[in-house]
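Use the sequences and the hints to build the structure in full.
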Amino acid sequence: MTGPNETPDITIAVVPREQFGVVRASLESIYAHTPEPFELVYVDGGSPPETRDWLRDESSKRGFELLRSEGYLTPNQARNWALRHAHGRQVVFVDNDLIASPGWLGALVACAEETGAWAVGPLYLEGDPEDDLIHMAGGWMEFSGEAPERQFATKHLFQGEHVSDRVAPLERDTCDFVEFHCMLVLREVFDRLGELDEALLNSREHLDLCLQIQDAGGEVWFEPASVVTYKAPPPLDRDDLPYFLTRWSEAWTRRSLERFVEKWGISSDYLERAHIARARRGVAFEALKSATERRLGSGARRVVDAVLRRAEPVFNRLWVRGAPAAPEPQASAR
34 MTGPNETPDI
44 TIAVVPREQF
54 GVVRASLESI
64 YAHTPEPFEL
74 VYVDGGSPPE
84 TRDWLRDESS
94 KRGFELLRSE
104 GYLTPNQARN
114 WALRHAHGRQ
124 VVFVDNDLIA
134 SPGWLGALVA
144 CAEETGAWAV
154 GPLYLEGDPE
164 DDLIHMAGGW
174 MEFSGEAPER
184 QFATKHLFQG
194 EHVSDRVAPL
204 ERDTCDFVEF
214 HCMLVLREVF
224 DRLGELDEAL
234 LNSREHLDLC
244 LQIQDAGGEV
254 WFEPASVVTY
264 KAPPPLDRDD
274 LPYFLTRWSE
284 AWTRRSLERF
294 VEKWGISSDY
304 LERAHIARAR
314 RGVAFEALKS
324 ATERRLGSGA
334 RRVVDAVLRR
344 AEPVFNRLWV
354 RGAPAAPEPQ
364 ASAR
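Our numbering puts the last residue of the sequence shown at 367; the count rises by one with no breaks.
Keep in mind the hints are simulated off the structure, nothing from the lab.
Owing to the predicted nature of the structure, the values given are computational and were not obtained by experimental measurement.
It is possible that some hints are incorrect.
As a list, the in silico EDC-like pairs of lysine to aspartate or glutamate whose alpha-carbon atoms are at most 20 Å apart [said to hold, decoys possible]: (1) LYS322 <-> ASP270; (2) LYS296 <-> GLU228; (3) LYS322 <-> GLU291; (4) LYS296 <-> GLU159; (5) LYS188 <-> GLU159; (6) LYS296 <-> ASP230; (7) LYS296 <-> GLU182; (8) LYS188 <-> GLU252.
Ranges between beta-carbon positions, derived for each pair [claimed, not checked]: (9) GLY104 <-> ARG199: 37 to 45 Å; (10) VAL337 <-> GLU204: 20 to 28 Å; (11) GLU147 <-> SER197: 44 to 52 Å.
Note that CB positions come from ideal geometry on N, CA and C, so glycine has one too.
In structure tokens:
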């Protein structure tokens with residue numbers, strides 16, 4: 034970290050993704066594997082009391098700025114809040130369930146400085162770091178047709194492959210998009226483009242920013258020398274269920290896709306992607322289905338699964354009817 038009178042070049046902005054159960058492991062990995070000077074701004078959007086108190090203690094001990102909202106936040110609300118408190122000329126957005134690896138930050142910074150990239154993403158793994166399972170090694174996106182009925186497609190490069198199985202090493206290169214699991218963005222990008230679009234409540238935020246960057250003449254790069262791991266559930270802590278179900282709700286997903294479609298002239302067929310969030314919410318019920326199978330057998334699991342597939346979307350539409358209001362700082366510590 035920087036000293037009390039230094040101006041940091043790098044701000045790490047940590048925001049909630051979908052759970053709070055990995056907060057401790059994530060933050061500890063950042064401090065363990067980041068020797069470079071940095072400023073850290075941490076947004077805590079409605080974490081359970083035990084996590085809230087731990088973050089307050091860590092903020093006092095380590096000297097980072099902690100912004101606390103008692104209510105849940107959409108990801109872009111949290112990122113914009115952090116951005117307003119960021120002083121670095123490079124802002125590295127990190128989700129609160131990300132595990133950093135040695136050299137992760139230095140490699141991102143080097144790529145940005147050596148290529149002139151406006152945004153840089155690392156090699157994203159998923160699961161546990163030792164699984165070396167690729168979540169994404171950069172991504173491409175493609176439009177076809179004419180607005181407002183354009184078709185839009187994306188692809189996560191090398192997703193599902195194991196790094197150890199690759200014959201040719203991954204190389205630094207330009208790409209169409211990287212993700213907010215971990216993304217370095219030049220601070221001047223926001224001076225030019227404005228803040229992140231808070232009408233995108235839970236989906237397509239990374240695509241929106243990368244599209245804006247390319248429209249403005251900037252480049253997005255992939256840097257494989259930087260490696261991070263996205264710790265996706267299951268398992269999911271019971272205390273995290275309310276936020277998880279809100280984060281991936283029918284209401285937030287539908288409104289996000291409608292905004293993205295309208296903004297980029299995409300065919301309304303794209304709204305069918307809302308089913309992806311429904312599948313994501315299925316993770317929340319995996320413990321229930323597994324317990325049913327252990328007690329009553331696989332047949333009972335299939336019954337529970339069928340009932341949930343029909344009932345859960347209706348329940349979820351009633352669960353969340355809109356997005357939370359933009360946050361105001363309720364607690365801030367350095």
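Structure-based check of all given hints:
no., hint, result
1, LYS322 <-> ASP270, "holds, 15 Å"
2, LYS296 <-> GLU228, "holds, 15 Å"
3, LYS322 <-> GLU291, "violated, 32 Å"
4, LYS296 <-> GLU159, "violated, 30 Å"
5, LYS188 <-> GLU159, "holds, 16 Å"
6, LYS296 <-> ASP230, "holds, 11 Å"
7, LYS296 <-> GLU182, "holds, 12 Å"
8, LYS188 <-> GLU252, "holds, 18 Å"
9, GLY104 <-> ARG199: 37 to 45 Å, "holds, 43 Å"
10, VAL337 <-> GLU204: 20 to 28 Å, "violated, 46 Å"
11, GLU147 <-> SER197: 44 to 52 Å, "violated, 27 Å"
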